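**Student:** Sequence:
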Amino acid sequence: MARIGFSPALKGTFSKTVSIPAEEFGLPNTNPPGIVDQDNLTLYKFTLDTDQVTFKLPVPGDYAGGNIDFSIIWTNDGGVDDNGKAAKWQLDYQVGGEGDVISGSHANSPKNTEDTYASASGWVEHHTGIMTIAVADFSGKLCIFLKLSAVTPTGAALTCEPHLSGMCFTYTATWGRK
320 MARIGFSPAL
330 KGTFSKTVSI
340 PAEEFGLPNT
350 NPPGIVDQDN
360 LTLYKFTLDT
370 DQVTFKLPVP
380 GDYAGGNIDF
390 SIIWTNDGGV
400 DDNGKAAKWQ
410 LDYQVGGEGD
420 VISGSHANSP
430 KNTEDTYASA
440 SGWVEHHTGI
450 MTIAVADFSG
460 KLCIFLKLSA
470 VTPTGAALTC
480 EPHLSGMCFT
490 YTATWGRK
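Just so we're on the same page, this note's numbering is the position in the sequence shown counted from 1, plus 319.
No wet-lab data here; the hints were simulated from the structure. Note that the structure is predicted; figures quoted are calculated from it, not measured. From the three backbone atoms N, C-alpha and C, an ideal C-beta is built for every residue, glycine too. Please note: incorrect hints may appear among the correct ones.
Here are the simulated PhoX-like cross-link-like pairs (lysine-lysine), alpha carbons at most 20 Å apart as the crow flies [to be verified]:
| # | residue 1 | residue 2 |
| --- | --- | --- |
| 1 | Lys466 | Lys364 |
| 2 | Lys466 | Lys375 |
| 3 | Lys335 | Lys375 |
| 4 | Lys466 | Lys430 |
| 5 | Lys404 | Lys364 |
| 6 | Lys375 | Lys330 |
| 7 | Lys404 | Lys466 |
Beta-carbon label-pair distances, calculated as ranges [claimed, not checked]:
| # | residue 1 | residue 2 | range |
| --- | --- | --- | --- |
| 8 | Asn402 | Thr432 | 41 to 47 Å |
| 9 | Gly423 | Thr478 | 45 to 51 Å |
| 10 | Cys479 | Gly423 | 30 to 36 Å |
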């Protein structure tokens, strides 16, 4: 009897995006952002050039190769007109494998993206442009250690602190049998 829909040799790759909510980030002992609860979401409000959060990202088990792209999900505090004003996010990183001493930032770090708020009032979720960590930066390593901060933008800054809602990362994943 034939098995319908089963192929042991079936395999391939696809683009996979993973979302990390703000509360999954680590808060350092010095310079952590403030915590804001908004509509059952935890947001972190950042003092520019000071506050930071951290995240340890193991290279995903289904990672198939190529770069990893990051984008930040953010908003303002919803109470002011920040239409046309900017937030700039900085992603510092280091990589590590078994037995490595993790210190400082990678030579190709940091990555930056500046985004403009597009609302006269209210809480609006924004997704920044892409910050790419090249495969050559983490090839053969087990983890990427991330540090995220809000820095002074080139354009007119928000009137309040930028609020982090989360981060997404996209990579090429494998599916099926190897």
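**Student:** Could you run down the list of hints and mark each one as holding or not?
**Tutor:** Structure-based check of each hint:
1. Lys466 - Lys364: holds (15 Å)
2. Lys466 - Lys375: holds (9 Å)
3. Lys335 - Lys375: holds (18 Å)
4. Lys466 - Lys430: holds (11 Å)
5. Lys404 - Lys364: holds (16 Å)
6. Lys375 - Lys330: violated (29 Å)
7. Lys404 - Lys466: Measuring from Cα to Cα gives roughly 24 Å; hence the hint is violated.
8. Asn402 - Thr432: 41 to 47 Å: violated (19 Å)
9. Gly423 - Thr478: 45 to 51 Å: 34 Å Cβ-Cβ, so the 45 to 51 Å window is violated.
10. Cys479 - Gly423: 30 to 36 Å: holds (32 Å)
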